[in-house]
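Trainee: In this text, residue positions in the sequence shown follow the working numbering: the first is 1, and each later residue adds one.
FYI, nobody ran anything at the bench for these hints, they're computed from the structure.
Backbone N, C-alpha and C fix where the C-beta goes; we use that ideal spot for every residue, glycine too.
Fair warning: there could be bad hints in the mix.
[Stated by the list, open to error] Capping the alpha-carbon separation at 20 angstroms, the derived lysine to any residue pairs in SDA-like fashion look like this:
hint	residue 1	residue 2
1	Lys33	Ala176
2	Lys33	Pro170
3	Lys167	Glu155
4	Lys33	Pro96
5	Lys72	Asn125
6	Lys92	Leu108
7	Lys33	Leu45
8	Lys72	Thr35
9	Lys33	Ala172
10	Lys33	Glu158
11	Lys92	Ala75
12	Lys33	Gly185
13	Lys93	Leu78
14	Lys33	Phe99
15	Lys72	Tyr56
16	Lys93	Glu158
17	Lys72	Val50
18	Lys92	Ala81
19	Lys33	Thr160
20	Lys93	Leu162
21	Lys92	Lys72
22	Lys33	Asn128
23	Lys33	Glu131
24	Lys167	Val13
[Stated by the list, open to error] Estimated spans, in silico, between C-beta atoms of each pair:
hint	residue 1	residue 2	range
25	Asn32	Asn128	37 to 43 angstroms
26	Val94	Ile8	42 to 48 angstroms
27	Leu173	Gly103	17 to 23 angstroms
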Amino acid sequence: MEYFIIFISAIFVNNIVLSQFLGICPFLGVSNKTTTALGMSGAVLFVMTVATIVTYLIQHFILVPFEITFLKTVAYILVIASLVQMVEIILKKVSPALFQALGVFLPLITTNCAILGVAILVIQNDYNLIESVIFAIASAIGFGLAIILFAGLRERMEMTELPEGMKGVPAALIVAGILSMAFMGFAGMV
1 MEYFIIFISA
11 IFVNNIVLSQ
21 FLGICPFLGV
31 SNKTTTALGM
41 SGAVLFVMTV
51 ATIVTYLIQH
61 FILVPFEITF
71 LKTVAYILVI
81 ASLVQMVEII
91 LKKVSPALFQ
101 ALGVFLPLIT
111 TNCAILGVAI
121 LVIQNDYNLI
131 ESVIFAIASA
141 IGFGLAIILF
151 AGLRERMEMT
161 ELPEGMKGVP
171 AALIVAGILS
181 MAFMGFAGMV
């Protein structure tokens, strides 16, 4: 039951983007089209899950035993950067169109505070490895849900008549705020 609570809570109640405001840069930057948002969600799911596993192992088998936990952030960023490079190489070979569509935002996963945030939250919440993986997957699903919903809403907004001063970023920020408030409705769920 505890795994289920961690899973549902990470997706809806403590959504990494809409509740904790981590990963806003790709959330706003890659959400122009649903297909691009879907590709970014997949990349974030892979990197977040693998990065959480690797950083958990580094924390418990290297940093804590050698009493060098002050290097946690540097070690985590190196792991995330390596994983993003791997995803970049794979995407370039497998799906050049998605690689082009993601553009500059793919390397930004390296500094995506959502991925680093999840790796740090796992340690702060004192999760074991299984709970960490569940939390990482659920957080990535929550990120994907938020960015895909937002992309769909932005595509829909392009077809509506808006005042000139509201077109583009202003309307997108208002919609993001409303989406965030909608997710706040899940707060009493868990």
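Trainee: Give a verdict on every hint.
Mentor: Cross-check of the supplied hints:
This hinted pair checks out: Lys33 and Ala176 have alpha carbons roughly 15 angstroms apart, not beyond 20 angstroms. For the hint linking Lys33 to Pro170, the alpha-carbon distance of about 17 angstroms falls within 20 angstroms, and the restraint holds. Taken as a hint, the Lys167 and Glu155 pair is honoured in the structure, with Cα atoms around 12 angstroms apart against an allowance of 20 angstroms. Restraint check for Lys33 and Pro96: satisfied, since their Cα atoms lie roughly 17 angstroms apart, inside the 20 angstroms limit.
Between Lys72 and Asn125 the alpha-carbon distance is near 15 angstroms, which keeps this suggested pair within the 20 angstroms criterion. Proposed proximity of Lys92 and Leu108 is supported: the alpha carbons are some 16 angstroms apart, at most 20 angstroms. Note on Lys33 and Leu45: the hinted pairing holds, with a Cα-Cα distance of about 18 angstroms set against a maximum of 20 angstroms. Using a Cα cut-off of 20 angstroms, the hinted pair Lys72 and Thr35 is violated, with the two alpha carbons roughly 34 angstroms apart.
Restraint check for Lys33 and Ala172: satisfied, since their Cα atoms lie roughly 13 angstroms apart, inside the 20 angstroms limit. At roughly 11 angstroms between alpha-carbon atoms, Lys33 and Glu158 fall within 20 angstroms of each other, so this suggested pair holds. For the proposed pair Lys92 and Ala75, the alpha carbon gap of about 26 angstroms is over 20 angstroms, so the pair is violated. Distance hint between Lys33 and Gly185 is unfulfilled; the C-alpha atoms sit about 26 angstroms from each other, more than 20 angstroms.
Pair hint Lys93 plus Leu78 does not hold up; C-alpha atoms about 23 angstroms apart against a cutoff of 20 angstroms. For the hint linking Lys33 to Phe99, the alpha-carbon distance of about 14 angstroms falls within 20 angstroms, and the restraint holds. As the CA atoms of Lys72 and Tyr56 are separated by approximately 10 angstroms, the hinted pair is consistent with the 20 angstroms bound. A threshold of 20 angstroms between alpha carbons decides the hint, and for Lys93 with Glu158 the separation of about 32 angstroms lies outside it, so the pair is violated.
For the given pair, Lys72 sits about 16 angstroms from Val50 by alpha-carbon distance, which is consistent with the 20 angstroms threshold. Between Lys92 and Ala81 the alpha-carbon distance is near 16 angstroms, which keeps this suggested pair within the 20 angstroms criterion. Proximity of Lys33 to Thr160 is assessed by CA-CA distance (about 16 angstroms); at most 20 angstroms being required, the pair is judged to hold. Straight-line distance between C-alpha atoms of Lys93 and Leu162 comes to about 40 angstroms, which puts the hinted pair past the 20 angstroms bound.
The suggested pairing of Lys92 with Lys72 is violated, with an alpha-carbon distance near 30 angstroms, which exceeds 20 angstroms. Distance check on the hinted pair: Lys33 and Asn128 sit about 37 angstroms apart at the alpha-carbon level, beyond 20 angstroms; violated. With a C-alpha separation of about 33 angstroms, the suggested pair Lys33 and Glu131 falls outside the 20 angstroms cut-off, and the hint is violated. Annotation: proposed proximity of Lys167 to Val13 is violated, straight-line Cα distance about 30 angstroms (limit 20 angstroms).
At about 39 angstroms, the CB distance of Asn32 to Asn128 agrees with the hint of 37 to 43 angstroms. In this structure the hint that Val94 and Ile8 lie 42 to 48 angstroms apart at CB is violated, the actual value being about 32 angstroms. Between Leu173 and Gly103 the beta carbons are some 21 angstroms apart, a value that agrees with the proposed interval 17 to 23 angstroms.
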